[in-house]
Amino acid sequence: MDVSQYLDIFIEESKEHLQSLNEHILILEKEPENEETINEIFRAAHSLKGMAGTMGYQKMQHLTHDMENVFSEIRNGKMKVTSDLIDVLFKGLDALENYLANIQTDGTEGDQEYTDIIDALKEILDKGLGKSTAPSEKVSAQKVTTAVPENVGKNKFKALKLEDHEKKAIAKATSLNLDVVGMTIYIREDCVLKGARAFMINKVLEEHGEIIKLYPGAQDLEDEKFDFDFSAFIITKETPENLINYVMAVSEVKEVVADYVRLEESELNSYLTALRQEEGGFSAAKTENKDSSKEGTQNHQKQASKPIANRSVRVDIEKLDVLMNLVSELIIAKNSIVSYSSAFDQQANVDFFDQIEYLERITSNLHESVMKVRMVPIETVVNRFPRMIRDLSKTLGKEMELYMTGEDTELDRTVIDEIGDPLMHLLRNAADHGLESREERISLGKNPVGSIYLNAYQDGNNVVIEVKDDGRGIDIENVKKVAIERGVITPEQAEKMSEREIIDILFMPSFSTSKKVSDISGRGVGLDVVKTKIEALGGEVEAKSKLHEGTTFIIRLPLTLAIMQALMVKLSSEKYALPLGNIQTVELVGKNEIKVVNNTEVLNLRGTIIPIIRLGDILDCEKTEEQDELYVVVVKKGDRLAGLVVDELLGQYEIVIKSIGKHIKAHKIVSGATILGNGEIALILDVNSLI
Amino acid sequence: MQIIDVKLGNDLYGIEIKYINSIIVMQNITRVPKAQPYYLGVINLRGEVVPVMSLRRRLGLEDDVFTPATRILVIKPEDSSEPVGLVVDEVNEVITLEKNDIENINYEEKDNTAEFSAGIGKYGQDLINILNIPAIIGK
Numbered sequence: 001m002d003v004s005q006y007l008d009i010f011i012e013e014s015k016e017h018l019q020s021l022n023e024h025i026l027i028l029e030k031e032p033e034n035e036e037t038i039n040e041i042f043r044a045a046h047s048l049k050g051m052a053g054t055m056g057y058q059k060m061q062h063l064t065h066d067m068e069n070v071f072s073e074i075r076n077g078k079m080k081v082t083s084d085l086i087d088v089l090f091k092g093l094d095a096l097e098n099y100l101a102n103i104q105t106d107g108t109e110g111d112q113e114y115t116d117i118i119d120a121l122k123e124i125l126d127k128g129l130g131k132s133t134a135p136s137e138k139v140s141a142q143k144v145t146t147a148v149p150e151n152v153g154k155n156k157f158k159a160l161k162l163e164d165h166e167k168k169a170i171a172k173a174t175s176l177n178l179d180v181v182g183m184t185i186y187i188r189e190d191c192v193l194k195g196a197r198a199f200m201i202n203k204v205l206e207e208h209g210e211i212i213k214l215y216p217g218a219q220d221l222e223d224e225k226f227d228f229d230f231s232a233f234i235i236t237k238e239t240p241e242n243l244i245n246y247v248m249a250v251s252e253v254k255e256v257v258a259d260y261v262r263l264e265e266s267e268l269n270s271y272l273t274a275l276r277q278e279e280g281g282f283s284a285a286k287t288e289n290k291d292s293s294k295e296g297t298q299n300h301q302k303q304a305s306k307p308i309a310n311r312s313v314r315v316d317i318e319k320l321d322v323l324m325n326l327v328s329e330l331i332i333a334k335n336s337i338v339s340y341s342s343a344f345d346q347q348a349n350v351d352f353f354d355q356i357e358y359l360e361r362i363t364s365n366l367h368e369s370v371m372k373v374r375m376v377p378i379e380t381v382v383n384r385f386p387r388m389i390r391d392l393s394k395t396l397g398k399e400m401e402l403y404m405t406g407e408d409t410e411l412d413r414t415v416i417d418e419i420g421d422p423l424m425h426l427l428r429n430a431a432d433h434g435l436e437s438r439e440e441r442i443s444l445g446k447n448p449v450g451s452i453y454l455n456a457y458q459d460g461n462n463v464v465i466e467v468k469d470d471g472r473g474i475d476i477e478n479v480k481k482v483a484i485e486r487g488v489i490t491p492e493q494a495e496k497m498s499e500r501e502i503i504d505i506l507f508m509p510s511f512s513t514s515k516k517v518s519d520i521s522g523r524g525v526g527l528d529v530v531k532t533k534i535e536a537l538g539g540e541v542e543a544k545s546k547l548h549e550g551t552t553f554i555i556r557l558p559l560t561l562a563i564m565q566a567l568m569v570k571l572s573s574e575k576y577a578l579p580l581g582n583i584q585t586v587e588l589v590g591k592n593e594i595k596v597v598n599n600t601e602v603l604n605l606r607g608t609i610i611p612i613i614r615l616g617d618i619l620d621c622e623k624t625e626e627q628d629e630l631y632v633v634v635v636k637k638g639d640r641l642a643g644l645v646v647d648e649l650l651g652q653y654e655i656v657i658k659s660i661g662k663h664i665k666a667h668k669i670v671s672g673a674t675i676l677g678n679g680e681i682a683l684i685l686d687v688n689s690l691i
Numbered sequence: 001m002q003i004i005d006v007k008l009g010n011d012l013y014g015i016e017i018k019y020i021n022s023i024i025v026m027q028n029i030t031r032v033p034k035a036q037p038y039y040l041g042v043i044n045l046r047g048e049v050v051p052v053m054s055l056r057r058r059l060g061l062e063d064d065v066f067t068p069a070t071r072i073l074v075i076k077p078e079d080s081s082e083p084v085g086l087v088v089d090e091v092n093e094v095i096t097l098e099k100n101d102i103e104n105i106n107y108e109e110k111d112n113t114a115e116f117s118a119g120i121g122k123y124g125q126d127l128i129n130i131l132n133i134p135a136i137i138g139k
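Quick note, the sequences are listed as chains A and B, same order. If you're matching positions, the first sequence starts at 1 in my numbering and goes up one per residue. If you're matching positions, the second sequence starts at 1 in my numbering and goes up one per residue.
Pulled out of the complex, with its shape left as it was, chain B reads as follows:
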């Protein structure tokens, strides 16, 4: 499969290309009161109102610090679904992984972020945590 390799802090995460609609630079996010805590708000994407999620918050990591390298990945779980934006610290490159480069690891049941991972990919010296986009975005 082909994935985009992104960075959150020091860790590498992978998102399958098929989910990605576009990648844009960081822009003003309008806060939405009383939304789920991992949603930072909404942005204006060429006339459309698109919700933006903080991947860090969703995965239980430290909160975002926005830098010039911060990007928003516009994700569409399915062709017909509404787009959702994911904030990442850095976007690296497109990587192709073979099936046997990917391992599934069993997490402890208490770790509720386990379902967000679709496996660990080995790429050279690095380990890439491949994200389960449908689980992250939710229905």
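Excised from the complex, chain A in its bound form:
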């Protein structure tokens, strides 16, 4: 069967299952008794195994099968969750992710056997079940005596030892007035496909009841790890004779023996009472679980709400891009029509203008909708961070907790793909450099468990992501020292630099004040790559810090990539676009109101002093005659204000953002270009970089 056409689906769904496993095993670590989590894990592992098997990826299938065995025992209550187990499980997950990554790149699983993980799983399984570590080829969840006493003769099933849960099942069946029949089926020795034959026999049996036990187990039957007979116990209403007849109807069956299987009276009663207790206790445990899950972490809430049917469609990203481009062109065309329409007499053509307005509304709505389609909650990127912090915590030997808020904040799809690495780096930095060791923290009177915060929220036209830690903060003097030592700045420059500027040095290439280079960070390639990547996305990053209290990295990313509202202005004869999101107000001030303080021009705006920036000078525009009254556009970034002097205001427009490409290396204030209604190009200014 050619399964290559299903490869994409397989990879997507496997990723989802692996992610689910990651999340749930994390929960399991904190709540080892959580039934829902255990069931979810079992389901995910089981699905993964099935998919891997269908696609022919045997290594994945076997590893998942081994993990599933362990979960099965935990689910049956025969094993407890230990922290060793959790570690091995995570290792197993990593191995599975490696297999998947290999499959993605070259279609095969790769050569890794991960025998150490498989052995570790086996060991835990044996230890957990109290069995001595006996070497065995098969990892079988069912333990039965292998010797069949002679006096049972053909009825091998009678000699089989029944497990606790199997006996419970028999008791339950009895209480429901059903019988349990044990059978031993002998397949003809000349049968070629024993596995297939056994499968068919079991199918027939399933039509008449429920199989509660197979010896050898189902997997072994499939793998043909048996001679020519196997036994089955089924709950049924049929008589043993009838069942024998049904099975004999299957070809290549030599002989079948069957008989009722009943528990001794005493055993039966004890199981029945145990059952009743359990059912009473089970529902109590369930409600307990539900309560704890309600007050639990957000992870838990997400888990509980999962069963609600998810009506969603997978869409190819390319199709979204095409859609986005078409909407952009539509808006450009609409802008052209609007600008030509201004030539018509408004009074005479009322209907025409009504339609133009209608068209504008529709295109705006269309644009908004398409943007929403491309928006993805940040959750998809950050959901692997708790696991990463946990691993870091163990590797670094520091206790730390990650607190995340705003996972539902949405970003454009293309940004989401790129933002993961920078965030991961900042988190690792915080864990490695920011947080002090346990001893240090205690001696400083801090909570021995370090805290790292990841907050995401919308602020105007931007999405802000903060990575905060309550560690040692940035030592400004140390940075100055190292910078001077490395010749990055001179001592004179260091004197004049503000705290912000010193911190910005950290973002320079190859700069690191860390004395140790670890696997995690310290090589000095991190922060500048973070900055470059974020700026490439049209955003910016800055750092705030307080010595001994902690450091905060603030990342700002533009919310919409392609279309935005802008204020068009004129600087001498050139037109420029200012993003509306930053603009607070527009003022008309007399030129005498601008004062000079400390070599900087400032304006007293209704009580607040804001710096004045002459845009025309920064952009090397032609000097124009100084007017008596100036237009000042007041812009805001975070809590900082500034006033930009422009020559003329042209109005508010919806513009399509076009990139000016990578060849022109302009001032960083130029963030793009837009095509106006009449075909002219106006450059878009990112004022954030000025404030």
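These are calculated hints, taken from the structure and not from any lab test. Certain hints may be false.
[To be verified] The calculated lysine to aspartate or glutamate pairs, modelled on DMTMM-like cross-linking and capped at a C-alpha distance of 25 Å, are: (1) K533/A / E16/B; (2) K662/A / E78/B; (3) K623/A / E82/B; (4) K34/B / E318/A; (5) K665/A / D5/B; (6) K319/A / E16/B; (7) K34/B / D686/A; (8) K334/A / E48/B; (9) K34/B / D528/A; (10) K570/A / E48/B; (11) K662/A / E48/B; (12) K76/B / E318/A; (13) K665/A / E78/B; (14) K34/B / E16/B; (15) K662/A / E16/B; (16) K319/A / D5/B; (17) K575/A / D64/B.
Got chain A; can you put chain B on it based on the hints?
Just chain B now, kept in the frame of chain A:
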């Protein structure tokens, strides 16, 4: 190879056809502040924003004087790369040159425009300086 023969001042330059996407007449160029000096700015090419370079400035010649004959060559160093426009004074014709019509001349190392030339082609009485487009456009 086939080249397009263009004129800058009195000199002839050649650009391999494979790089040329289209040739358009001169149009308004929007200045981009603080860009490299040899970039005149950007133009609107059927809805796309395309940077435009002055070949004269890039090669260290006298500055452009725009005439009705001035053309912009839209160049694509590779099929998948972004287009860049090059301003030339005049566009002549397509010429086919044989390999042995082209000579490589060693320039002095101090001449930093040397890398922009991919050889000198002989065409009748004229010498055509064949331009190394990837070097001119840069990465």
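Comparing the hints with the structure gives:
{"no.": "1", "hint": "K533/A / E16/B", "in the structure": "violated, 35 Å"}
{"no.": "2", "hint": "K662/A / E78/B", "in the structure": "holds, 14 Å"}
{"no.": "3", "hint": "K623/A / E82/B", "in the structure": "violated, 34 Å"}
{"no.": "4", "hint": "K34/B / E318/A", "in the structure": "violated, 35 Å"}
{"no.": "5", "hint": "K665/A / D5/B", "in the structure": "violated, 29 Å"}
{"no.": "6", "hint": "K319/A / E16/B", "in the structure": "violated, 35 Å"}
{"no.": "7", "hint": "K34/B / D686/A", "in the structure": "holds, 14 Å"}
{"no.": "8", "hint": "K334/A / E48/B", "in the structure": "holds, 17 Å"}
{"no.": "9", "hint": "K34/B / D528/A", "in the structure": "holds, 23 Å"}
{"no.": "10", "hint": "K570/A / E48/B", "in the structure": "holds, 22 Å"}
{"no.": "11", "hint": "K662/A / E48/B", "in the structure": "holds, 14 Å"}
{"no.": "12", "hint": "K76/B / E318/A", "in the structure": "holds, 23 Å"}
{"no.": "13", "hint": "K665/A / E78/B", "in the structure": "holds, 20 Å"}
{"no.": "14", "hint": "K34/B / E16/B", "in the structure": "violated, 31 Å"}
{"no.": "15", "hint": "K662/A / E16/B", "in the structure": "holds, 23 Å"}
{"no.": "16", "hint": "K319/A / D5/B", "in the structure": "violated, 41 Å"}
{"no.": "17", "hint": "K575/A / D64/B", "in the structure": "holds, 24 Å"}
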